[in-house]
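Novice: Residue strings, one per chain:
There are 2 protein chains.
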Amino acid sequence: MRKLSSIQKAYLAGFLDGDGSIYVRLKPNPTYKFGFQVAPYVIFFQSAKDEKNFQKLCSILGLGYMRKRNDGILEYTIGRAEAIAEFLSLVKPYVILKKKQIDLMQKIMCMKSLVKNKKDFEALMKLIDSFRELNYSKKRIKRTLTP
Amino acid sequence: MRKLSSIQKAYLAGFLDGDGSIYVRLKPNPTYKFGFQVAPYVIFFQSAKDEKNFQKLCSILGLGYMRKRNDGILEYTIGRAEAIAEFLSLVKPYVILKKKQIDLMQKIMCMKSLVKNKKDFEALMKLIDSFRELNYSKKRIKRTLTP
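The listed protein sequences correspond, in order, to chains W and C. The numbering of the first sequence is our numbering, which starts it at 1 and goes up by one. The numbering of the second sequence is our numbering, which starts it at 148 and goes up by one.
Treat the hints as calculated values from the structure; they're not laboratory data. Values in this document were obtained by computation on a predicted structure and should not be read as measured data.
To give an idea of the chain C side of the interface with chain W (calculated C-beta under 8 angstroms), a few residues:
| no. | residue |
| --- | --- |
| 1 | S153 |
| 2 | I154 |
| 3 | G161 |
| 4 | G167 |
| 5 | F201 |
| 6 | L204 |
Heads up, the beta-carbon is just placed ideally off N, CA and C, and yes, glycines get one too.
So that you can see chain W by itself, here it is in the shape it has in the complex (with noise of 0.2 angstroms):
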């Protein structure tokens, strides 16, 4: 990633508390020792008439990859853990809408890099859970854990 600038920096804030989405998804995965493999998301969405103008915003932070879904929206993801921890610490001081999605994510990864047990990982089921109720999905989801 290239040297940002603060004003590059408050951009990014500001599209973020925007378009952006930050959650957690908890993938069944029987390969994983807990049943699950714990996935962080920031994801862009546009529309496709844009790409290159989006394409451009995107290079300025060449954390990401791009795709196209079916239905013609453009999606920038965000998903190795190291490149969501910078790219949040980046736009973190400018952010305004968006906070306690950032403050939650950062938890939730600096816990999942200790967990050690079942217990350590019920407790971060639990706070990535709490990401439905910042981010107003109204589904409740019953998990049962392995083995």
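Given the coordinates of chain W, work out where chain C should sit on it, guided by the hints.
Specialist: Quick look at chain C alone, frame taken from chain W:
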């Protein structure tokens, strides 16, 4: 409006690119000379759950007004021509995705102030229609001028 720093302007440019909408409505209105009111808008949308922070953000601007829609979405609308002109000139240097919309809006507002006859107004309507292409609406509307 308060004086804004370049950091604040860059943030607002990012927010506009992510979440904002720039458009002009032609409202049928028989009390207007050519049968239509030309109504320009810059609008931001946000979930009502973010109300406090969204209000903080909008109060930086102080150029528009907030309303809560029936579906719970907050809308911050900048509708006065001078307020739109001021806002757009502030953020334009920092905008990446919506440069064309800003150019078009500035052109429309300039031409609107110069309308003298039906031909001028028809040219203005044509310009306004080109917003549809920028904003990806598929609707095409046929209008009849009065008188």
